[in-house]
Amino acid sequence: MSACTLVSVSTVLGCHSCSRIDMFSKGTKRKFSDDGDEMLDESLAGAQVSSSYSLQRQSLLDMSLIKLQLCHMLVEPNLCRSVLIANTVRQIQEEMTHDGSWQVVTEAFCGGSQSPSERLVATEVLCRSREQDAEPKLFSVLSYEGCREEEVVADETLCSVSVSDTASNVCLSESARHCWERDELVDADRDDETCESSRLGPGDDEDDDDEDDDDEDEEVDIDEESPRDNPKTMGQVFGTFEIKNGTPGPDSALEELFSDVDASYYDLDTMLTGIQSAPKMGPYDLLDSLAPSHGPPSIGSPSSCRSDLNELDHIMEIIVGS
Amino acid sequence: MDEEIDTRKINSSFLREHNYATEADIISTVEFNSSGELLATGDKGGRVVVFQREQESKNQPHRRGEYNVYSTFQSHEPEFDYLKSLEIEEKINKIRWLPQQNAAYFLLSTNDKTVKLWKISERDKRPEGYNLKDEDGRIRDPTTITALRVPVLRPMDLMVEATPRRVFSNAHTYHINSISVNSDYETYMSTDDLRINLWNLEITNRSFNIVDIKPSNMEELTEVITAAEFHPNHCNTFVYSSSKGSIRLCDMRAAALCDNHSKFFEEPEDPSNRSFFSEIISSISDVKFSHSGRYLMTRDYLTVKVWDLNMENKPLETYQVHDYLRSKLCSLYENDCIFDKFECVWNGTDSVLMTGSYNNFFRMFDRNTKRDVTLEASRENSKPRAILKPRKVCVGGKRRKDEISVDSLDFSKKILHTAWHPSENIIAVAATNNLYIFQDKVN
Chain V
1 MSACTLVSVS
11 TVLGCHSCSR
21 IDMFSKGTKR
31 KFSDDGDEML
41 DESLAGAQVS
51 SSYSLQRQSL
61 LDMSLIKLQL
71 CHMLVEPNLC
81 RSVLIANTVR
91 QIQEEMTHDG
101 SWQVVTEAFC
111 GGSQSPSERL
121 VATEVLCRSR
131 EQDAEPKLFS
141 VLSYEGCREE
151 EVVADETLCS
161 VSVSDTASNV
171 CLSESARHCW
181 ERDELVDADR
191 DDETCESSRL
201 GPGDDEDDDD
211 EDDDDEDEEV
221 DIDEESPRDN
231 PKTMGQVFGT
241 FEIKNGTPGP
251 DSALEELFSD
261 VDASYYDLDT
271 MLTGIQSAPK
281 MGPYDLLDSL
291 APSHGPPSIG
301 SPSSCRSDLN
311 ELDHIMEIIV
321 GS
Chain R
1001 MDEEIDTRKI
1011 NSSFLREHNY
1021 ATEADIISTV
1031 EFNSSGELLA
1041 TGDKGGRVVV
1051 FQREQESKNQ
1061 PHRRGEYNVY
1071 STFQSHEPEF
1081 DYLKSLEIEE
1091 KINKIRWLPQ
1101 QNAAYFLLST
1111 NDKTVKLWKI
1121 SERDKRPEGY
1131 NLKDEDGRIR
1141 DPTTITALRV
1151 PVLRPMDLMV
1161 EATPRRVFSN
1171 AHTYHINSIS
1181 VNSDYETYMS
1191 TDDLRINLWN
1201 LEITNRSFNI
1211 VDIKPSNMEE
1221 LTEVITAAEF
1231 HPNHCNTFVY
1241 SSSKGSIRLC
1251 DMRAAALCDN
1261 HSKFFEEPED
1271 PSNRSFFSEI
1281 ISSISDVKFS
1291 HSGRYLMTRD
1301 YLTVKVWDLN
1311 MENKPLETYQ
1321 VHDYLRSKLC
1331 SLYENDCIFD
1341 KFECVWNGTD
1351 SVLMTGSYNN
1361 FFRMFDRNTK
1371 RDVTLEASRE
1381 NSKPRAILKP
1391 RKVCVGGKRR
1401 KDEISVDSLD
1411 FSKKILHTAW
1421 HPSENIIAVA
1431 ATNNLYIFQD
1441 KVN
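Order-wise, the sequence lines are chains V and R.
With my numbering applied, the first sequence closes on residue 322, and no number is skipped along the way.
With my numbering applied, the second sequence closes on residue 1443, and no number is skipped along the way.
The following block holds chain V by itself, in its conformation from the complex (with noise of 0.2 Å):
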């Protein structure tokens, strides 16, 4: 099977524009490319051809991961590519199955008993484990100056807490070397919900929770289905969040974490519309607060300016926690 030279990643042909996904991309360039280095020099000491190929699939799955989630902000996302995305995704999870990398991961997870909160526990038993391979640039949990974009995105993607017993969070076990920083990883017992308030930083407005909670919603549903189950993951993306029709298992756990979501926001094709909260502090006001400082106005552009402003908004707005 052809893999793709995913430390090829670094130069990119010279492509500027591509304004959406750029600064992302760029982000995302750094941070796998610094992590394929490393990776591959100690696995150079293994001298196995396999992991670094595994580690260009680990790396894909989380760029795809990361395409998904960008897809909805403020215009309706493109549905051919959402579904070409999810595809490739789910092929990827597919190969893992075979693989048997799913199954090494999910075992580090033990069974079905257990709170979130020691779930939680799990996760940093994981990283910890796993502290060898781990790079050192890794994320703070808890405050943000400092903190670069790309590790917020990455932060927001990756950060899905296991919260399901069995097969689960293939994503998050590979991933959470990236995510976690096993020191500021302080209140194990601490559920997601105080976890991501505590991130966004005091005073964050409560639909950005919702936000955040519904993407690291659908980032959990992704991850907490079983690999067999992958078509009802990916469905995840399309919309129709299937949570409070009773999936198996981890559900009630999971319903209690997320019982104060809006329920409003499980709606039909919500992945693909974005349909966002009414109470969230919509993108506009962020628009309308920075409009007249963006350039001569001309037909078309604050609409067109708006998605690419937006974006850089939520960003920001992350990052400077406000």
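No lab work stands behind these hints: they were computed from the structure.
Treat the hints with care, since some could be wrong.
Covered by chain V, per the in silico footprint, the following chain R stretches (three or more residues, Cβ under 8 Å) [as the list claims (entries may be wrong)]: (1) 1214-1226; (2) 1277-1283; (3) 1333-1344.
In this text, all values refer to a predicted model and were calculated from it rather than measured experimentally.
We put the CB at the ideal spot given by N, CA and C, even for glycine.
The hints should help you fit chain R onto chain V, whose structure is shown.
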């Protein structure tokens, strides 16, 4: 093989005082009308600019007709969907001309959600001599009117006006990617990611759904419709392409809902080339019937394929557009370029294919001689009346003097939209916000 050697550039941003590239000026569609007399472009700002070919002058027979701006109008405005809290972009996704039936011209233009029928007509006379109002339009005092006169038509400066005649809205949940006028000239279809609707050109409040691939459970969605087109001669036949690289041909006589195809065109995957990106690069971005109706052309990320309608299991011909990108797919996935939707066009005699690439390159393939050429649409490299020089991309090893290496390609300069005159060797190439028109040299 046609060498395009007479070049003429028309910068569509002439409408603006400044020549900086604003996003609204990015051309999003280009289309000749059925006679080739008119050329329409749509841009990201929702505007349509129509160019008309000058009549050939007897005084200067060596000068072929040039295209000049004929009409400009704002077709679509940005909208906001309050229910979903989402913007609806005003970008014109497609323009299709209707065949000309009288002095006026009609075209369909569409954004993501709404199709509009525009009438473009000329006015070169105006009535003068009204009884109740004077020439300025002011109402005349009735007591001053002592005689009746009949208004007469007097010539005036030519005015071209565009008026919206029909608005076809509220029929698409997802983004419209194609429109196609039926050969019966009464109906047309609009296609979004999951559904195809059939409209009558006269009726705006009703449309028929003829294809629906939306699964009842959206979780099972793995394939979307990427393009669709009516057969040029058979009014009952149309095709639609999918993101998985397949084309379905449907016959509307078979059933009201054409979810079951009559023919299914798909090339089996080459197992030696398989990668995680195989599906993405197999996604078809454009499908076009040949003028004869015998063949079908499809464009996926790296190739152009010609299919015979009578052979479903593999294409007749496959042309590599930029195979040197095959080893760069991961980077192209990262910067989203792998999702770029390139279009493809036939020439008037179905002997040459044309499609765009990166770095402002576009490619032509001669089906008869099997020769191909890469040309560039850029200011620096083409002056008016200059000969277009073939370009070459060097893949590795030693780079010759005029070649460009793969790593120096500019992926922000992509040619997605091109058009070929229906009968002559005149092509229109949209490079971001510039429109280039090239024609054959006149002997």
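Legend entry - Violations among the numbered hints, reported as their numbers in ascending order: Per hint list: zero violations.
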